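Visitor: Listed here are the chains, written in short residue letters.
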Amino acid sequence: MANTQLTPGVVPGRLAPGDYHDNFSDKTPPLSAHEAAVAADRCYFCHDAPCVTACPTAIDIPLFIREISTGTPTAAARTIFEQNILGGMCARVCPTEQLCEEACVREAAEGRPVEIGRLQRFATDTLMAAGGHPFTRAPATGKRVAVVGAGPAGLACAHRLAMKGHEVQLFDARPKAGGLNEYGIAAYKTVNDYAQAEVAWLMQIGGITIHNGARLGDDLSLEGLRADHDAVFLAIGLGGVNALRTEGEETSHVHDAVDFIAQLRQSDDLSALPIGRSVVVIGGGMTAVDAAVQSKLLGAEKVTMVYRRGRDAMSASEQEQHLAASKGVRIITGAAPLRILGNGAVEAVEFAYTRETDAGLELSEETFKIKADQVFKAIGQTLEGAPQGLTLSGRKIAVTGAGRTSLDGVWAGGDCASGGDDLTVTAVAEGRDAAEDIHATLMQGEGPANG
Amino acid sequence: MADLSCDFVGIKSPNPFWLASAPPTDKEYNVRRAFEAGWGGVVWKTLGEDGPPVVNVNGPRYGAIWGADRRLLGLNNIELITDRPLEVNLREIKSVKRDYPDRAVVVSLMVPCEEEAWKKILPLVEETGADGIELNFGCPHGMSERGMGAAVGQVPEYVEMVTRWCKQNTRMPVIVKLTPNITDIRLSSRAAHRGGADAVSLINTINSITSVDLDLMAPEPTIDGKGTHGGYCGPAVKPIALNMVAEIARDAQTRGLPISGIGGVTTWKDAAEFMALGAGNVQVCTAVMTYGFKIVQEMISGLSAWMDQKGHAQLSDFVGMAVPNVSDWQYLNLNYITKAEIDQDACIKCGRCYAACEDTSHQAIAMGEDRSFTVKDEECVACNLCVDVCPVEGCITMRRLAPGEVDPRTGKVVPAEYGNWTQHPNNPGKTCAAE
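In the order they appear, the protein sequences are chains A and B.
Following my numbering, the numbering of the first sequence begins with 1 at its first residue and continues without gaps.
Following my numbering, the numbering of the second sequence begins with 1001 at its first residue and continues without gaps.
Mixed in with the good hints there might be a few duds.
[As the list claims (entries may be wrong)] FRET-style restraints, in silico, Cβ to Cβ: (1) A:Asp-19 / B:Tyr-1029: 50 to 56 Å; (2) B:His-1362 / A:Thr-70: 25 to 31 Å; (3) B:Thr-1410 / A:Arg-311: 54 to 60 Å.
[What the hints assert, rightly or not] Here are a few chain A residues that sit away from chain B, every Cβ distance over 10 Å (derived from the structure): (4) His-47; (5) Arg-226; (6) Asn-343; (7) Gly-419.
For the record, the hints were derived by calculation from the structure and aren't laboratory data.
It should be emphasised that the depicted structure is a prediction, and the values quoted were computed from it without experimental measurement.
Glycine included, C-beta positions come from ideal geometry on N, C-alpha and C.
Take the sequences, apply the hints, and build the full model.
Guide: Structure representation (structure tokens):
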């Protein structure tokens, strides 16, 4: 007999075959040309626009929207890509409600901002659908740069360096390029294999060679890369996950949320993915929401997200919280896990309510249990495998200026580097800016810069 | 409740909102529906002389320009006068007037510039029971190439001559519709007045090319790769029409000549503005072509509410009220000194006032670190551009400096008395100009 949402345990195929397609379709469908025209008309073309200031990559938003409204969406896309070569992915995954759209003056005026993210997607989709690549490379400089990590920071850095005429070797430990775009984002945010399509489109610039399955520390050493290249950019992300340090963590069906999300993204058949009837997600960030919502979409009957602090402290945006709630995810805040219960497989998680004190978060005496046959831990990622010799700042690679590390000729950016939010768009900005700095450094004494 | 009933040169209608001679009034079906919707009157689409009717193009007749959200701001047409047989139109006019005796039915006419042609058609119109005629001296496209429409309206002598023929050959009131495609509207209105016109109506449409098809390299609307100038109308032409109405209303030679106001009337407020400048009623076309006949309900309720609020019991209470305030530039009070003021609570910090002032005006707005925008009184010439570009109505206002205050821009004390250019020391001809 086929499984249903009520089947106990962790089993695949809880839903009818058609439900998977519906559940994992585009969360925010693209704007039609007419919708885009109407949306673009709402932009006031502000002076020194607050939306641009709020964008980590400083895309000239009023300009690109004006270009859409005057019937030139490909010119709009070029405006976007000049600042953010992953503008297509950012249009899908940026928390715009915390960035450009929060700053939009129409948010202040009417509580309804210009739909910047969707307009950006309209423009970038139009250009990418038309085929071709809007940029060309400067004459070859003869310089070689190694970029380690083909996530947003690495891709942005590699593209900008290639544009400047440098030869780029792009290394990534995983089988596919894209980093978190490919492995770490909910499927409904980036449908139709968009991350790979974007990488292929970006690579049209030329001058970038991708080496997949090359992991720093195993296959590559920083010393070796420095010896073979004129500069190195590290964008290795946060490969480790924080441990719960809770009794029973080793019980079966207790997973890291990032692994679950990656597995789901790489799955050809979502109905084959096992999911619990009662799922508990521990954490309060975007990863927690992605895991919780996708658990629900795979057919879990009950999904509960538990976060140890208050709702205000959750790093998942309000919109993400609303999305989770709308999909039927229950969110409990102010409770921390005490122990995972179960004999072999998880059966429940026991939590204690917390209270904020001057000394930090304290557990209260009051506890409760949530039934669970699957638990996802989403309490943050951590830097793993940083090469020896690099100064760290906290738990990240220390950088100054445009990503300069403590080692000469070595830059770093994205989630692995200190400073900035752990957002795709921030990683793109850091990769781009590091590329500009690398270029300026490499071309010192080489006559007029050629980019 | 205000009385909206209107008596325009003896033609009575329950409200001052008439449909202009145009496609909406080309046939009985439309006019009956317009009257059912509440329109006070119609000017039936222009009739030509008996015989084979004119033919229209079989491609697009209209071109347009749009504002935000594709709101139609200006429309251009190359349609000719009615292309239906004369006797059909006359029969329908008679039938409609019989069934709607309380509504105004005026018939627009355009026949060749010969007295016999006019003598022939006037009795036929009289026989329908229509309330009056409107002479179409304005149509700027097509018919003007045949010596009619604007070709007559652009020559004051012809305007006077044809008006006189009509007055001599009919008992019906004669309204002369004027073309704006001239240099001075007063010349043609004076001519109509001399010819004995009971009223003038204006404006007819303006010569225009709305856009160019950049693939075909042809003006729009495009007929088989070619285009021609058409007649422009709609909200975009209202300022031109208001000025022309005011010019006639305050001209010594035509003062008191009844005016039917036409040109971009879209809301009750537009109508009230035309009437304040001296129009006894208004005629509407583009607004109904955009939104349908139903808009008259808003025009009636809006005008009525405004009149109640202002204490105007009937239309005559405010018709022409603004005319005495239409002045020549030289008589404007140069001692009226204002400064822009930005309401910080209403401001949404878009910075458009700053961009406009900084880039194109007087660098009189300061932008703070926190995107606060404030007026620099010492630079502000009170040009009002910031008010005009601000997306929030009422956010930026102009504050008048009181007499005795010092204008920080000039360092001079604001005088209490009125002072204009004719009295200004910089005016080399101040003594003559004052006379």
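Visitor: Hey, is A:His-47 genuinely clear of chain B, shortest beta carbon separation above 10 Å?
Guide: violated (3 Å)
Visitor: Could you tell me whether the CB distance from B:His-1362 to A:Thr-70 stays inside 25 to 31 Å?
Guide: Roughly 29 Å apart at Cβ, these two residues keep to the hinted range, so it holds.
Visitor: Verify this label for me: A:Arg-226 is non-interface relative to chain B, using a Cβ-Cβ cutoff of 10 Å.
Guide: holds (43 Å)
Visitor: How does the Cβ-Cβ distance of B:Thr-1410 and A:Arg-311 compare with 54 to 60 Å: does it lie in that range?
Guide: Since B:Thr-1410 and A:Arg-311 have Cβ atoms about 57 Å apart, the given range 54 to 60 Å holds.
Visitor: Between A:Asp-19 and B:Tyr-1029, does the beta-carbon spacing fit 50 to 56 Å?
Guide: Roughly 53 Å apart at Cβ, these two residues keep to the hinted range, so it holds.
Visitor: Quick one: work out the minimum CB distance from A:Gly-419 to chain B and report holds if it exceeds 10 Å, violated otherwise.
Guide: holds (23 Å)
Visitor: Would you assess whether A:Asn-343, listed as outside the interface, keeps its beta-carbon beyond 10 Å of every beta-carbon in chain B?
Guide: holds (60 Å)
Violated hints amount to a single one, hint 4; each of the other numbered hints is respected by the structure.
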